[in-house]
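If you're matching them up, the sequences are chains U and R in order.
Its first residue numbered 20, the first sequence is counted upward by one per residue in the numbering used here.
Its first residue numbered 256, the second sequence is counted upward by one per residue in the numbering used here.
Any given hint could turn out to be false.
Computed beta-carbon distance windows for the label pairs [as the list claims (entries may be wrong)]: (1) U:TYR183 / R:VAL615: 49 to 59 Å; (2) U:TYR183 / R:LEU376: 54 to 64 Å; (3) R:TRP484 / U:LEU310: 52 to 62 Å; (4) U:ALA191 / R:LEU537: 35 to 45 Å.
Calculated from the structure, these hints are not laboratory results.
Computed from a prediction, not measured in an experiment: that's the story for all the values here.
Idealized CB from N, CA, C, for every residue including glycine.
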Amino acid sequence: MDAITLTTLLATLDATLRVSTPLILCAMAGLFSERSGIVDISLEGKMLSAAFAAGTLAAITGSPWVALLGAIIVSIGLALVHGFACITHRGDQVVSGLAINVLASGLTIVLGIAWFSQGGQTPALASEARFMPLELPLSSSIANVPVIGQFFDTVINGHNLLVYIALLAVPATWWVVYRTRFGLRLRAVGENPLAVDTTGISVSRLRYFSVMICGALCGVAGAYLAIAQNAAFSREMTAGQGYIALAAMIFGKWRPMPALLACLMFGFLDAVSIRLQGIVLPVIGEVPVQLIQALPYILTVVLLAGFIGRAIAPKAVGIPFTKER
Amino acid sequence: MNTSNVELPTWIEVVLIPLLNIFLALVFSGLIILAIGEDPIKAVGIMINGAFGYDEAIGYTLYYTTNFIFTGLAVAVAFHARLFNIGGEGQAYIGGLGVGLAFLLLDKHLPALLLIPIGILMAAVFGALWAFIPAWLQAYRGSHIVITTIMFNFIAASLMVYLLVNVLIMPGSMSPETREFDTAGWLPFMHELFAWFGVNITRTPLNMSFLLALVCCVLVWLYIWKTQWGYALRTAGHSEAAAVYAGINPKRIVIIAMCISGGLAGLVAVNEIMGVHHRLLLNFPAGYGFTGIAVALMGRNHPLGILVASLLFGVLYQGGTELAFEVPKITREMVVAIQGLIILFSGALALMLRPWTVRVWLGLTRQSAT
């Protein structure tokens, strides 16, 4: 491999990690919710609202930490609305999720224009109000080591804090779901809530707790979009990434590690699609950018149809739990 | 107290509780307007005047209503088979592709009398085809219709961008849209229709597809409640086991329900492409497919309810445009927020007020009994 293609590859991988970060956070968020039996198509709406909250608070206070906290609170608030509808009132989970997405899409623009009069954008942020790229220790000293050093310096190094949080969220999710008592109960309540109820554990409490974790993770994803990856909130800035994350979670068969790989794959497709624009590949010819952008959705449909492996959802997902009296 | 088994009179279940839910949604919408420092009562006044106050406004209101009738009916037909079709947006988009392909090939060679029925048919068939794939996958491969139809919305959007940018674009044009169709394919506007009878009304985008929408309301009502096929559809929706026992094939019902649903959504293209724009262009479904979900929930999946709900959303859209013009702090997207609240209260929280209503009702009836 010559030097130019290696540089290009590393730059693409670097971009992959950047665009995958919100997907990873939202996929883990969706995993918590769906593993507990609550379908969540509102990852998109929670992330969008959180991004707006982060952009607004960072513009007003100038502190990324206040903005992050605010984003998480707003997103948890919406998660509680979802929980209130689906858990307390046993409403339709898809309808509730859709309501949150539509509400977020309208409200962020209405409030944005009313408060800042910039066509739905929040004011551009100074770098002190954002999460800026970090320089990892040792990175510059091993940058000259061929391949491994270059990989570490270009791909792993130089991201903002939230990227590393997203990467840590994956093993953390794995540990919580598979190695803690809460995780055992979480998985049980998504498969057979009646059994969990019989042991005297509150199904509602477990599910509320799960959707709140989901909210918090979506909050971080939203903050990442508005105050880390970009320097302001702009209208509809999530642009369907919440749905791609949902697809990635399904693609990962409701498991953290495979979901991470799906997020990275979808992120890679996104990063590549920008580079491939107008380039004629040998044999295949010019690949339409739109095809690459639609690939995550097409692949998910194909997977769900059982043509590549089988994706089986938690058994009780989508079914409201009625406690027998 | 478990109130879910207490029976309430029909007027409370069908009229009072849905109205209370919508009222709650509107109260929260009012709070949002208050929060941005405007007067909600004044806003309602501007909206109603903007939607009904003059001839042109009424035309625009009914033009929006037409789209919502199509997408609302689409969602409702699927709901009766207990299928949730979130894909109305994509199906409407692909319905437009059907019209576009037919007209690009034929509009110079055929008279209006043939072209218009062909256009309507192509819109419905293409919409139905885009719904057929998720339906087939649900029926025979077990994938979930909600997820597949969401994915199909995105796939439709990518496909249409590709086709309009690379294939169907008018040569030499900068904007991604087809050439204008020959006038033979244009659906007559209402002002033209009235002019044939010597009546002059204001020029608006309102066209004959409004009549088609009304016909669809009647047809859907007949289909769901007055035919054997509709009975089979509702049976399969209530209980798959009962349907199988009665000799109904639930897999076939899934396919039929989704194809009718997709076909109805596709008819949005008749209003937008054949009636108004007269060319295929990007993003013409503009969220009407999603609004259909709110319309169906609000109209309780009944054509008459859908007609009323569509009119209300027509008022919100047209009145909202007027409101955004009069009060710059309130933008058009306020309508989207209201829509979200209506989906929340009329859909996901539809039963929230029921236990409370039951208690009030029981209290009232006990008092009158003694």
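Tested hints:
About 55 Å separates the C-beta atoms of TYR183 of chain U and VAL615 of chain R, a value consistent with the hinted range of 49 to 59 Å. A beta carbon spacing of about 56 Å between TYR183 of chain U and LEU376 of chain R agrees with the range 54 to 64 Å that was offered as a hint. The supplied range of 52 to 62 Å is broken by TRP484 of chain R and LEU310 of chain U, whose beta-carbon atoms lie about 38 Å from each other. Hint check: ALA191 of chain U to LEU537 of chain R, Cβ distance near 42 Å, so the stated range 35 to 45 Å holds.
Hint compliance for this structure: hint 3 is the single one not met.
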